[in-house]
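Enquirer: Let the hints inform the model, and build the full structure from the sequences given.
2 protein chains.
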Amino acid sequence: MAAKIPTRLYLSEDEIPKCWYNLRADMKNKPEPVLHPGTLKPVTEADLSAVFCMGPIKQELDDTTRFIAIPEGIQDFYRAYRPAPLIRAYFLEKELGTPAEIYYKFEGTNTSGSHKLNSAGPQAYYAKEEGLTSLTTETGAGQWGTAMAMAAGFYGLDLTVFMVKVSSEQKPYRKALIETYGAKLIPSPSATTEAGKAILAKDPNTGGSLGVAISEAVERAVKTDKCRYVLGSVLNHVLLHQSIIGQETKAAMDKYGIKPDIIIGCAGGGSNLGGLIAPYMGEKIAGKSNARFIAVEPASCPSFTRGRFAYDFGDTAKTTPLVKMMTLGSGFIPSSNHAGGLRYHGMNSTLSRLYQDGYLEARSEVQTNVFEAAVKFMKVEGILPAPESAHAIKAAIDEAMICKKTNEKKVILFGLSGTGYFDLSAYMSYNNKTMTDHIPTDEELEKGFETIPKIV
Amino acid sequence: MAAKIPTRLYLSEDEIPKCWYNLRADMKNKPEPVLHPGTLKPVTEADLSAVFCMGPIKQELDDTTRFIAIPEGIQDFYRAYRPAPLIRAYFLEKELGTPAEIYYKFEGTNTSGSHKLNSAGPQAYYAKEEGLTSLTTETGAGQWGTAMAMAAGFYGLDLTVFMVKVSSEQKPYRKALIETYGAKLIPSPSATTEAGKAILAKDPNTGGSLGVAISEAVERAVKTDKCRYVLGSVLNHVLLHQSIIGQETKAAMDKYGIKPDIIIGCAGGGSNLGGLIAPYMGEKIAGKSNARFIAVEPASCPSFTRGRFAYDFGDTAKTTPLVKMMTLGSGFIPSSNHAGGLRYHGMNSTLSRLYQDGYLEARSEVQTNVFEAAVKFMKVEGILPAPESAHAIKAAIDEAMICKKTNEKKVILFGLSGTGYFDLSAYMSYNNKTMTDHIPTDEELEKGFETIPKIV
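Respectively, the protein sequence lines represent chains A and B.
Note that the numbering used here gives residue 216 to position 216 of the first sequence, counting from 1, and the numbers run on in steps of one.
Note that the numbering used here gives residue 256 to position 256 of the second sequence, counting from 1, and the numbers run on in steps of one.
Since the hints were derived computationally from the structure, they do not count as laboratory data.
Incorrect hints may have been included.
Since the list gives no way to pick out one identical chain from another, each pair is judged satisfied if it fits inside one copy or across any two copies.
Said to hold, decoys possible - Okay, derived cross-link-like pairs now, DSS-like style, lysine-lysine, Cα gap no bigger than 30 Å in a straight line:
#1 K379 - K223
#2 K376 - K324
#3 K447 - K288
#4 K4 - K18
#5 K405 - K259
#6 K184 - K376
#7 K404 - K128
#8 K226 - K409
#9 K376 - K433
#10 K379 - K128
#11 K184 - K94
#12 K223 - K288
#13 K433 - K284
#14 K128 - K4
#15 K454 - K28
Expert: Shown next, in the form of C-alpha cells:
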C-alpha cells in the first residue's frame with residue numbers, strides 16, 4: 001500500500017531542478033515571431049539590445065532549445081527561497097467533501113510575496129554579468145517592483161522603479177518595502193522623463209497607468225549609460241524563468257507518483273500560468289498526457305475569453321514591438337473597481353497560441369465570487385491568497401465540486417502565485433459588502449478592439 | 001568529507017516532533033509558583049478554571065512531566081504550516097566576512113506572520129475539546145490576534161479580539177485580516193465591558209493599552225457562557241507549545257550533526273525565546289552542553305537588563321495572579337516611540353529563573369541599531385524581519401563579528417520569529433531618518449518599580 005501523501009511535498013535542495021524548460025521547443029505550432037513596429041519584420045537581437053539585456057534577449061528569441069541550464073549564480077539566488085512548497089489541500093478537500101485530490105504550488109513565502117522573484121533574480125543576474133550598473137522597470141500593484149528591488153539589491157545594481165502614481169499613493173507600504181530594499185521609486189507620470197512630462201502637460205492630475213510607467217522606464221533605460229529595462233510578465237523569457245515553478249512541481253509530484261488531471265492558474269500577462277503548466281503541457285503536446293489546462297481571468301479584463309487573436313502593442317503608447325496574442329486592444333481600460341492585478345490587455349504569445357490550438361481552456365470570473373472562494377480557502381488552509389491567485393482557487397473549487405457530483409477522484413493542481421498582505425483593502429471591501437463586479441459590455445470591448453493595429 | 005550543508009535544512013513531515021518539551025521538568029531551580037492575588041497562596045486548577053481552558057491550566061501547573069504528547073488534532077494543525085524553515089545564512093555570513101556559521105529558524109511563513117500560531121492552535125483545540133463555543137483575547141500589534149483568529153476559524157470557535165484602540169486605528173489592515181478570518185474585533189477600551197466603561201468615563205479619548213484590553217477580554221470571558229480567555233505569551237503553557245520551535249530546530253540540526261555554540265532570541269514576554277532554546281537549555285542544565293544563550297530586548301523596555309526579580313502582576317489593572325519574574329513594574333509605560341512589539345513590563349517566569357541562575361544572558365539594544373541590522377539582513381537574505389525579530393539579528397551579527405576578530409568558527413543560531421509586513425511604517429521612519437531612540441532614565445524606571453507589590 002502506498003504511504004500517505006504528506007501535507008507538504010518536499011524537494012530537498014539537491015532536487016531543485018537545474019534547468020529551465022522552454023516549452024516552445026516542443027510546440028508544433030510555435031508562437032508567431034515578434035515584429036518590429038516600424039518595419040513589421042521579425043525583431044532581431046540588435047533591435048532589442050538597446051532596451052533589454054542580452055541574456056534575456058537570446059532566451060526571448062530561442063524557440064528551439066528545450067532545456068536551458070540555470071547559471072550557478074541564479075541557482076544560488078533560488079536557494080535563498082526555493083523550493084516553494086507544494087501543498088496537498090487536505091483541509092479544503094474535507095471542507096468541500098470532494099473525492100478529488102487538490103494540490104497547490106505556493107509561491108508566496110518569499111518577502112516579495114509572489115512568483116515574480118523567479119524572473120527578477122535571473123534578469124538582475126544577467127545585467128550584472130553583462131557589466132551593467134543599473135536597471136529600470138515599472139510596477140502597478142507593486143509585486144514586480146518589490147521582486148526587482150530585492151533582486152537588484154542582491155546582485156548590487158541600482159534600480160529605478162516607476163510606480164503608477166495612484167498605486168504609490170494607495171499602497172504606501174509597498175513603496176516603503178521597495179525603498180527599504182534600496183531601490184529608487186518614482187511615482188509615474190513624473191517630470192523626470194519626456195514621456196511623463198507630455199502626459200502631465202495634458203493632465204497634471206492624472207493617477208497614471210501601467211502603459212505610461214512602461215514608457216517612462218524604457219525612456220530612462222535607453223538614455224542612461226550601462227542601464228537596461230526589465231519587464232515582469234508577458235514576454236517569453238519571463239515564462240522561461242517561471243518554468244522553475246512547473247519543474248519543481250513536477251519533480252515533487254513525480255517523487256510521489258502523482259499525475260494531475262486538471263492544472264489551473266490565474267492569468268494576467270501569463271507568466272505564472274505559463275511557468276506552472278510548462279512541463280505538463282510539454283507532455284500533452286507529445287501525446288503523453290490527457291491533462292486539462294485552465295486559465296482563469298477576471299471577467300473585468302477577459303483577454304482570453306472575449307479577446308481577439310491579433311498582433312498588438314504591449315503598451316498603451318504603442319511603442320513596443322508587436323506581439324501576436326489574445327488581446328483586448330492596448331487602448332482597453334479595465335474597470336477601476338477591480339481589486340486584483342490581472343488587468344493587462346494582452347496575453348503571453350505562447351499561451352495565446354496554445355489557446356488557439358485547443359490545448360488550453362480559459363474561463364473568466366467576477367471578483368465577488370473570487371473573494372468568496374479566497375475566504376473559504378484561507379479559513380481552512382490558513383494562507384491569505386492574493387486576489388490574482390484567488391482566481392485559480394475559484395476554478396479549483398468549482399472543479400472539485402464537479403468531482404463531488406460525479407464521484408470522480410480527479411487530481412487537481414493549481415498555482416497559488418502569491419499572498420494578499422498588500423491587498424487587505426480589497427478584502428475589507430469584500431467583508432463589508434461594498435465590493436462590486438463589472439463585466440464590460442460589448443460596446444466597451446469594441447472600443448478596445450478599435451485600438452488594435454490592422455496587420456495581416 | 002561531510003556533504004555541504006544545504007541553505008534550508010529540511011525535516012520531512014514524519015520528522016516533525018510529536019511531543020512538546022517541558023523545560024521546567026529538567027530545571028534544578030524551578031520557577032516559583034504563581035500566587036493567587038487575594039490569598040497569596042499558589043494558584044490551583046480551580047482558581048484558574050473560570051478564566052482559562054483546562055488543558056492549558058494543567059500544562060501551566062505541570063513542572064515535572066518532561067515530554068507532553070501533541071494531540072493528533074494539533075499535529076494536523078501544525079502540518080498545515082510546519083515544519084518552519086531552518087535556514088543557513090550563507091549570504092549574511094559572506095556579507096559579514098565571518099568564519100562563524102549562522103543559522104536561523106524562520107517562523108514567519110504562515111499567514112499570521114509569526115510564531116504565535118504555534119500556541120494559538122493548541123489553545124483553540126483544547127477549547128473545542130472541552131466543549132466551549134467561544135474565546136476572547138486581546139492584541140496589541142496584532143500578531144497574536146491574527147493567529148488566534150486563524151486558529152479559532154480552523155477549529156470552528158467564535159472569537160472576540162479586544163485590540164488596543166490606537167493600534168486598530170494605525171493598523172487597519174491587521175484589523176481587516178483578523179476580521180476576514182471571521183473574528184469579531186472590538187477596539188479597546190470599549191463600552192461593551194465594565195472595565196472599558198470605567199476607563200472611558202475617566203478619559204473618553206484614550207488610545208487604550210494592552211493592560212486595559214486584557215481586563216476587557218477576561219471580563220467578557222468570565223461573563224459569557226461556554227467562553228474562556230486565551231493569552232499569547234508570558235505563561236508557561238505558551239512556552240510549552242512554543243517548544244515546537246526548538247524541537248524542530250534541534251531535530252534538523254541533529255540530522256546534519258550541527259551543534260550551536262550561541263543561541264539568540266528576542267524577548268518580549270518570552271514565548272519565542274523560550275520555545276527556541278528549550279531543548280538546548282535542557283542539555284546545558286544536564287551538563288551536556290556549553291552553549292551560550294542570549295536574550296535580546298529593546299533598550300526602551302529592559303525587563304531583563306534593568307528590571308527586578310519580584311512577584312508582580314501581569315496586567316496594569318493588577319487583577320491577574322502574581323508571577324515571580326524579571327519586571328519593570330506593571331505600571332511601567334514604555335516610550336511610545338518604539339516601533340516593535342516587545343513592550344511588555346514583565347517576563348516569563350521560567351526564563352526569569354534561568355536568568356537569575358546564570359544560564360541565560362541578556363542584552364538590550366536601541367531600535368535604530370536594530371533596524372540597521374534588519375536592513376543589512378534583508379538585503380542579503382531576502383526576508384523582511386519583524387522589528388521584534390530584528391533584535392535577535394542584531395545580536396547574531398554582533399557575535400558573528402566577534403568571531404571575525406577572533407577568527408573562531410562558532411555556530412550561531414537565532415530565532416527569526418516573524419515578518420515585518422505590518423511594520424512598514426516603522427521601516428519608513430527608519431528609511432527617512434525620523435526614527436529616534438529612547439532609553440528610560442533611572443527615575444523613569446523607579447516610577448515603574450514603585451508599582452511592584454511588596455511581597456516577600
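Enquirer: Each hint: holds or not?
Expert: So, going through the hints one by one against the coordinates:
Only between protomers do K379 and K223 lie at most 30 Å apart by alpha-carbon distance; the minimum there is 28 Å, versus 49 Å within a single protomer. In this assembly of identical chains, K376 and K324 lie within 30 Å of each other by CA distance neither inside one copy nor across copies; the values are 38 Å within and 44 Å between. In the homo-oligomer, the alpha carbons of K447 and K288 never lie at most 30 Å apart, since the shortest distance is 42 Å inside one protomer and 76 Å across protomers. Taking the closest pair of Cα atoms, K4 and K18 come within 30 Å of each other both inside a single copy (28 Å) and across two copies (17 Å).
Taking the closest pair of Cα atoms, K405 and K259 come within 30 Å of each other only inside a single copy of the chain (21 Å); across copies the shortest separation is 54 Å, beyond that limit. In this assembly of identical chains, K184 and K376 lie within 30 Å of each other by CA distance solely across copies; the values are 17 Å between and 38 Å within a copy. In this homomeric assembly, K404 and K128 come within 30 Å of each other (Cα to Cα) only across copies, at 29 Å, whereas the closest approach inside a single copy is 52 Å. Taking the closest pair of Cα atoms, K226 and K409 never come within 30 Å of each other, the shortest separation being 55 Å inside a single copy and 40 Å across copies.
Taking identical chains as interchangeable, the C-alpha atoms of K376 and K433 lie at most 30 Å apart only when both belong to the same chain, with a minimum of 16 Å there against 42 Å between chains. Within a single copy, K379 and K128 get their C-alpha atoms only as close as 43 Å, which misses the 30 Å cut-off; across copies the closest is 16 Å, which meets it. With identical chains, the CA atoms of K184 and K94 are at most 30 Å apart between copies only, with a shortest distance of 25 Å across copies and 47 Å within one. Taking the closest pair of Cα atoms, K223 and K288 never come within 30 Å of each other, the shortest separation being 49 Å inside a single copy and 64 Å across copies.
Taking CA atoms no more than 30 Å apart as the test, K433 paired with K284 passes in neither setting, with 42 Å inside one copy and 56 Å between copies. With identical chains, the CA atoms of K128 and K4 are at most 30 Å apart between copies only, with a shortest distance of 27 Å across copies and 45 Å within one. Taking the shortest alpha-carbon separations for K454 and K28, only the intra-copy value of 27 Å comes in at or below 30 Å, while the best inter-copy value is 85 Å.
The structure fails hints 2, 3, 8, 12 and 13 (numbered hints given earlier, in ascending order).
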